[in-house]
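Asks: Next come the chains, spelled out residue by residue.
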Amino acid sequence: MFKNFFPSKILSLTNKTINSLVILLVVVVVIGLTYSLLISPPDYIQGDSVRIMYVHVPSSFIALGSFAFIGIASISNLIFKVKFIPLMAKSLAPVGGIFTLVSIVTGSLWGKPTWGIWWAWDARLTSMVILLCFYVAYILTWKFISSFEKANKISSIIGIVGLLNLPIIKYSVDWWSTLHQTSSITLTSAPTIHYTMLVPLIIMLVGMVIYSMIIFLMKYKTEIMKFKLDKKKNNK
Amino acid sequence: MLSKKVKSRIFFLVLSLISAAIVIFMVLRSLEENVVYFFSPTEIYNKTNISFNKKIRVGGLVKMNSISKNETSINFIITDLKKEIVVSYNGLVPNLFSEGKGVVAEGKLRDKKYFIADKILAKHDENYMPPEVYKALEISNN
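Respectively, the protein sequence lines represent chains A and B.
Sequential numbering from 0 applies to the first sequence in numbering that gives the first Met the number 0.
Sequential numbering from 0 applies to the second sequence in numbering that gives the first Met the number 0.
Be a bit skeptical, because a hint or two may be false.
[Said to hold, decoys possible] Here are some of the chain B residues that sit facing chain A, going by a computed Cβ distance under 7 angstroms:
(1) Asn33
(2) Tyr36
(3) Asp124
FYI, nobody ran anything at the bench for these hints, they're computed from the structure.
Keep in mind it's a predicted model, so treat the numbers as computed, not measured.
Ideal Cβ placement from N, Cα and C applies to all residues, glycine included.
Work the whole structure out from these sequences, hints included.
Replies: The following block contains the structure:
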């Protein structure tokens, strides 16, 4: 499966593939939004404000997942030095960063009606802001350091250090007392979300993952083209 | 299979990752007092270096049948099912504030049993369900 991400494969990726992904995205998101905004029930204490969850939770998932990929890519980067892996990580960063921001903003909008405040500097929220800083630093490194080798090295270090932040985000709600509630979906026990709310949540997650895939593929294709062009220039 | 260069890189990376993790762990451990968002009544009870002039946060559950309101203020008890603290507050409480639910109060301690809050936050738990399911659960529990 990984072979599909080889530069030669990606360049031959036609607009058709992306177009069919877009169609799939529209279908899934329309179903997801209808389900989460209209069909799914309000929460027994939060009422309708629980619907923010259907955007907030998938965004956070993608934010963490993308950075996990960037971190692991950064490690393999420093060890094996395969050329197209940093390009993949670089292409994933913007969409991950945006979803971190979406997660923070929707979380803040959700905090006001439930907790009574927009923002609290508890461990979960603070570590999420730190993640956003890592994303920004990672993206800026690629933007402002023109030498590929240098940018690759520095961004990899940022990616690896940022990777250490991920377990802190994940377990912050268990390790310390926080205003943010603990996880409803865990690997070890049954989810504490009723299935009428869990189903739209999963549909929205799938939709947003497809969206991230599209943005990633488009960016990745551009990055490879740029990389090849630069190489040609340098050879001349 | 792996070349010597790659092996040394792996070794170096693993070593620096482990040491970075240890450093972070130790920093977080020593900052524990600042990382926690609130203290439970039991933690307040056990604290020795308590300052009554500094703003702190106390969190726990609102004790059942403990809310008493008059015109200007609201009093209730925060409990962690072991120790309790009486909280007094002037102002509006969030919608989700209710007996048996989580709460975080921000303010100053008068003494270890009495807290003057200037902000009340509702803390909700990880359970989400439709109202009908909650009612059904309530009935089956009683």
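Asks: Next step is simple, just say for each hint if it's right about the structure.
Replies: Verification of the supplied hints:
With a least beta-carbon distance of about 10 angstroms to chain A, the hint placing B/Asn33 at the interface is violated under the 7 angstroms criterion. Taking 7 angstroms as the C-beta contact cut-off toward chain A, the hint placing B/Tyr36 at the interface holds, the least distance being around 4 angstroms. The beta carbon of B/Asp124 comes within 5 angstroms of a beta carbon in chain A, closer than 7 angstroms, and the hint placing it at the interface holds.
The structure is inconsistent with hint 1 alone, although it conforms to all the rest.
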